[in-house]
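Chemist: Okay, here's what each chain looks like letter by letter:
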Amino acid sequence: MLTGKDDTGARRQHAAPLLEMRGIQKSFPGVRALRGVDLTLGAGEVLALVVENGAGKSTLMKILGGAQRPEAGRIFISGNELAIRGPQDARRAGVAVIYQEFNLVPALGAADNIFLGQELVRGAGRLGWIDRARQRQQVDQLLARLSLSIDPLVPCRELSVAQQQGVEIAKALVAGARILVMDEPTAALTAPEVEALHAVIRDLSRAGVGIIYVSHRLEEIAQICHRVMVLRDGGNVGEAPTAEVGRADLIRMMVGRELTEEFPRRHVRPGAPRLVVEGLCRGKAVQKVSLEVRAGEVLALTGLVGSGRTETLRLIFGADRRWAGRITLDGKTLALASPRGAIAAGIGLLPEDRKTQGLVLGLSVRKNFGLPNLPRLSRGGFVRQGEERRACTEYISTLQIRTPSSETAVRTLSGGNQQKVVLAKWLARGCEVLLFDEPTRGVDVGAKVEIYQLINSLAAEGKAILMVSSDLPEVLGMADRILVMHDGRITGEIPDAAHATQEMIMELAFA
Amino acid sequence: MLWVLLGLCLLFTVLTWSEQHPSGPAAADALAADILRQCGKAPRVLVAVREQPDDAAFAARVATRLAAAGATVVEVVKGEPRDARGALERAAAGGGLECVAVNSASAEWLVFADLARDYPALATTKLLQPKSYFWPNFLKRENLLNIANQISVIAILAIGMTMVIITGGIDLSVGSLIALASVTAAVLVRDLAGGVEAGPTGMLLAGLGGIAVAAAAGAFSGLMIVCFGIPPFIATLAMMLVAGGTASLLARGESVYQLPDSFMWLGRGADFLGLPNAVVLMLLLYFVAHVVMTRMTLGRHLLALGGNREAARLSGVPVSAVVLLAYVLSGALAGLGGVVMASQLKSGSPNYGQMYELYTIAAVVVGGTSLAGGEGSMLGTLVGALIIAVIQNGMNLVGIESYTQRVVLGAVILAAVLLDRLRHRNWGG
Chain Y
1 MLTGKDDTGA
11 RRQHAAPLLE
21 MRGIQKSFPG
31 VRALRGVDLT
41 LGAGEVLALV
51 VENGAGKSTL
61 MKILGGAQRP
71 EAGRIFISGN
81 ELAIRGPQDA
91 RRAGVAVIYQ
101 EFNLVPALGA
111 ADNIFLGQEL
121 VRGAGRLGWI
131 DRARQRQQVD
141 QLLARLSLSI
151 DPLVPCRELS
161 VAQQQGVEIA
171 KALVAGARIL
181 VMDEPTAALT
191 APEVEALHAV
201 IRDLSRAGVG
211 IIYVSHRLEE
221 IAQICHRVMV
231 LRDGGNVGEA
241 PTAEVGRADL
251 IRMMVGRELT
261 EEFPRRHVRP
271 GAPRLVVEGL
281 CRGKAVQKVS
291 LEVRAGEVLA
301 LTGLVGSGRT
311 ETLRLIFGAD
321 RRWAGRITLD
331 GKTLALASPR
341 GAIAAGIGLL
351 PEDRKTQGLV
361 LGLSVRKNFG
371 LPNLPRLSRG
381 GFVRQGEERR
391 ACTEYISTLQ
401 IRTPSSETAV
411 RTLSGGNQQK
421 VVLAKWLARG
431 CEVLLFDEPT
441 RGVDVGAKVE
451 IYQLINSLAA
461 EGKAILMVSS
471 DLPEVLGMAD
481 RILVMHDGRI
491 TGEIPDAAHA
501 TQEMIMELAF
511 A
Chain C
1 MLWVLLGLCL
11 LFTVLTWSEQ
21 HPSGPAAADA
31 LAADILRQCG
41 KAPRVLVAVR
51 EQPDDAAFAA
61 RVATRLAAAG
71 ATVVEVVKGE
81 PRDARGALER
91 AAAGGGLECV
101 AVNSASAEWL
111 VFADLARDYP
121 ALATTKLLQP
131 KSYFWPNFLK
141 RENLLNIANQ
151 ISVIAILAIG
161 MTMVIITGGI
171 DLSVGSLIAL
181 ASVTAAVLVR
191 DLAGGVEAGP
201 TGMLLAGLGG
211 IAVAAAAGAF
221 SGLMIVCFGI
231 PPFIATLAMM
241 LVAGGTASLL
251 ARGESVYQLP
261 DSFMWLGRGA
271 DFLGLPNAVV
281 LMLLLYFVAH
291 VVMTRMTLGR
301 HLLALGGNRE
311 AARLSGVPVS
321 AVVLLAYVLS
331 GALAGLGGVV
341 MASQLKSGSP
351 NYGQMYELYT
361 IAAVVVGGTS
371 LAGGEGSMLG
381 TLVGALIIAV
391 IQNGMNLVGI
401 ESYTQRVVLG
411 AVILAAVLLD
421 RLRHRNWGG
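Protein sequences, first through last, are from chains Y and C.
Each residue of the first sequence is one higher than the one before, counting from 1 in this note's numbering.
Each residue of the second sequence is one higher than the one before, counting from 1 in this note's numbering.
It should be emphasised that the hints constitute simulated quantities derived from the structure, not laboratory data.
Misleading hints may appear alongside valid ones.
Quick partial rundown of chain Y residues pointing at chain C, CB under 7 Å, derived from the structure [as the list claims (entries may be wrong)]: (1) LYS332; (2) PRO351; (3) GLY362; (4) LEU363; (5) LEU371; (6) SER378; (7) GLY381; (8) VAL383; (9) GLY386.
So these bits of chain C aren't anywhere near chain Y, every CB distance computed over 12 Å [unchecked claim]: (10) GLY24; (11) ALA68; (12) ALA107; (13) LEU208; (14) GLY209; (15) PHE233; (16) PHE287; (17) THR294; (18) LEU305; (19) MET355; (20) ALA372; (21) ALA415.
Here are the in silico distance ranges between beta carbons for each label pair [said to hold, decoys possible]: (22) THR294/C - PRO375/Y: 15 to 25 Å; (23) PRO404/Y - THR294/C: 53 to 63 Å; (24) ASP487/Y - LEU419/C: 33 to 43 Å; (25) LYS355/Y - PRO200/C: 47 to 57 Å; (26) ARG269/Y - ILE234/C: 54 to 64 Å; (27) ALA337/Y - VAL196/C: 47 to 57 Å; (28) GLY229/C - PRO404/Y: 31 to 41 Å; (29) GLU278/Y - GLY229/C: 31 to 41 Å.
Just so you know, even glycine gets a beta-carbon here, dropped at the ideal spot from N, CA and C.
Work out the full structure, taking the sequences as your base and the hints as a guide.
Modeler: Rendered as structure tokens:
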């Protein structure tokens with residue numbers, strides 16, 4: 001839907017950038033993902049987009065790709081305002097988004113995937129006879145241009161990641177894309193493949209295609225991008241030509257909010273080591289991770305999204321099978337082949353996404369609360385429902401969970417209260433080790449402070465707490481000690497969190 | 001869904017509202033008393049009915065009662081109108097008659113249409129029959145028991161199916177497992193327990209054997225689903241073919257009917273308050289299943305893992321074991337259904353249970369259980385099964401033939417689920 005804008009549009013025509021986004025806003029329950037983002041992209045420009053949190057990044061990409069609609073803001077392409085109502089509009093306007101998860105039909109070959117939905121037809125128009133010869137000819141040209149040597153008839157599921165990415169790019173080019181958005185395109189590539197991809201990007205850039213290159217890899221950004229733009233907390237924090245920004249500048253931009261009074265202080269002297277993890281491995285995600293958490297200690301595990309923090313917690317909890325590594329709790333080695341075993345050993349996990357992993361949304365507060373506690377709350381296979389109701393009501397009042405009753409479906413509670421229900425599950429279980437994965441994500445400020453106080457009082461009881469968080473002020477405010485991960489490895493430890501700075505963490509996170 | 005059931009019951013109550021002609025012993029006693037009251041102390045009475053066991057029993061009872069009270073029963077005619085004519089002529093020639101006792105069928109005979117004109121000697125003779133009244137055929141006791149009895153097998157299967165569907169799965173093999181279990185039990189009785197001479201212990205063990213085979217089949221499907229990630233639809237579809245074929249092989253394609261009469265105790269007996277044993281069994285199982293689903297950890301685990309498998313697993317629910325158990329129970333209950341059916345029909349046959357998986361799934365879904373899993377109740381399923389039974393029975397009573405019945409049944413199932421969907425619309429978004 002291209003609509004020429006009268007006065008502003010006319011003025012814009014002269015030096016109109018290829019893409020201009022102004023004041024883009026979007027929020028979700030509990031999160032303001034984008035609060036008025038501005039972005040410009042010139043023809044042939046490669047723009048590095050460095051985004052501090054995951055929600056903002058994916059939302060911005062989805063808005064460009066037409067998968068989501070902004071609540072406010074305007075988008076101009078070559079000076080014409082564009083109303084993107086759906087993916088077709090984006091495609092027609094020449095925008096193509098390549099997500100980390102590719103959108104290819106696994107059973108179809110490269111040729112069919114490239115022309116999917118834009119098949120070349122012959123004969124009297126719309127009968128749908130595919131002109132295979134012409135398609136094949138175009139595919140061969142494209143593949144040659146992208147230096148891809150693949151058989152266009154081999155099903156895409158048999159191609160390597162780099163080859164699939166090439167097919168995605170080819171698909172975008174066939175659709176006539178002038179703006180190409182790539183999300184962490186090198187995350188799963190080998191060094192030579194990265195080189196090849198960069199060659200393709202340079203070629204496209206020379207041909208006038210504007211490219212938004214979303215990445216955290218500073219070396220790559222320096223090599224390939226003309227300009228870098230940083231988003232944090234859903235807003236712009238800065239942009240500059242790549243040549244003019246150093247590593248230190250970027251880190252300063254990524255580091256945001258100062259410490260405030262929202263973090264209640266506690267006075268605990270950590271005791272003996274309780275949870276000890278040695279040489280934990282699983283593929284590329286987690287490589288030789290070792291750590292120990294002491295009694296009464298809050299250990300923060302941080303790093304950028306995708307650095308292996310969540311995966312580490314899941315391995316400790318037995319949610320995924322570890323390939324190697326030893327876990328001991330209070331000196332006893334644990335087999336931990338399943339969450340069931342971990343729970344029995346006294347480990348609780350507050351998962352990253354409470355809606356898909358933490359709660360059964362259709363069940364009541366009481367039944368969710370009871371789930372890990374059934375062994376204690378049942379006799380001979382019968383649930384002692386009175387006992388369960390009493391215990392649940394008690395936790396509802398101590399954690400101040402705002403719910404009409406223990407029989408309300410958790411679906412209807414707010415994010416913060418849902419999170420407290422997950423917490424209540426584990427507190428009632430009497431876990432000795434608590435693994436918190438982003439404990440305050442999507443939680444309002446009031447509930448956040450309550451959760452922090454809870455974490456502190458658990459530590460004061462001598463429990464071992466391992467917390468994963470992307471929120472640097474939270475990490476600094478809550479942790480006694482900080483471990484930073486990058487690409488599946490622990491890249492550094494900050495033993496004294498009280499004297500750490502956000503810059504120190506970011507330095508380690510970018511490795 | 002309870003309202004749908006009640007609405008259907010009301011509908012068929014109205015549609016089957018009709019004149020009832022009692023014909024039992026109570027009706028015979030009432031008629032005898034009526035005759036004595038209307039025709040004086042010692043009347044001369046002719047009893048005339050059709051030649052049928054029920055009618056004959058009625059006639060005999062009326063005659064005995066009258067004789068005991070001092071009346072003279074000149075003749076009891078069991079046969080056709082011309083037999084009655086002969087009797088009337090003899091009576092007219094003889095001592096006359098005060099009364100002819102008939103039932104609703106023989107009252108229609110033309111011989112009795114105008115006694116005063118045809119037989120002047122019998123001008124004062126009264127024609128008396130039991131008093132009729134109005135009552136819906138649908139609500140007659142035997143009809144209601146019939147509904148419960150007919151649905152008992154499907155309702156028993158639906159218990160296991162509800163558990164499986166709550167886990168987010170499906171079990172297409174239950175119909176074939178009915179056949180397999182019925183044949184297994186019948187063959188065991190025939191070959192090992194002594195055939196028509198079999199004793200209760202032998203029959204009990206044979207029945208348990210049938211159930212065990214079906215449970216093993218369910219366990220096999222469950223293992224395929226849990227250990228190898230085969231979609232439930234495929235795993236149980238395969239089991240449906242395997243079990244059906246095995247039943248035919250085992251029975252050599254024929255019915256196995258070398259069973260003692262006492263084998264029918266489970267399916268046709270009625271030992272408790274006049275309720276058929278199969279219905280008592282069904283109600284008992286529903287009670288247990290309801291308790292399991294609402295009070296026991298197993299029920300809680302089923303609902304939790306059906307609602308969110310990952311969250312349940314991360315909360316320590318033994319997901320694989322519970323899913324496996326659901327398929328084992330579904331198989332075992334299908335086996336029990338097969339044994340009940342063999343008992344009802346006094347034979348085991350590889351043809352039993354065809355399409356039962358679909359009626360069972362329909363009962364579960366009409367009962368409000370979500371095919372997406374995580375939601376459902378046993379009482380809902382029982383209501384769903386009864387809805388299907390009432391529709392079928394009601395249409396039979398109203399006289400709708402079977403092809404039309406299927407069309408209506410399909411439409412009603414769709415409508416019931418649609419109604420439920422609309423009610424829950426604010427949920428799905």
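Chemist: Checked against the structure, which of the hints given earlier come out wrong?
Modeler: Going through the list in order, the structure violates hints 1, 9, 17, 18, 20, 23 and 24 and respects the others.
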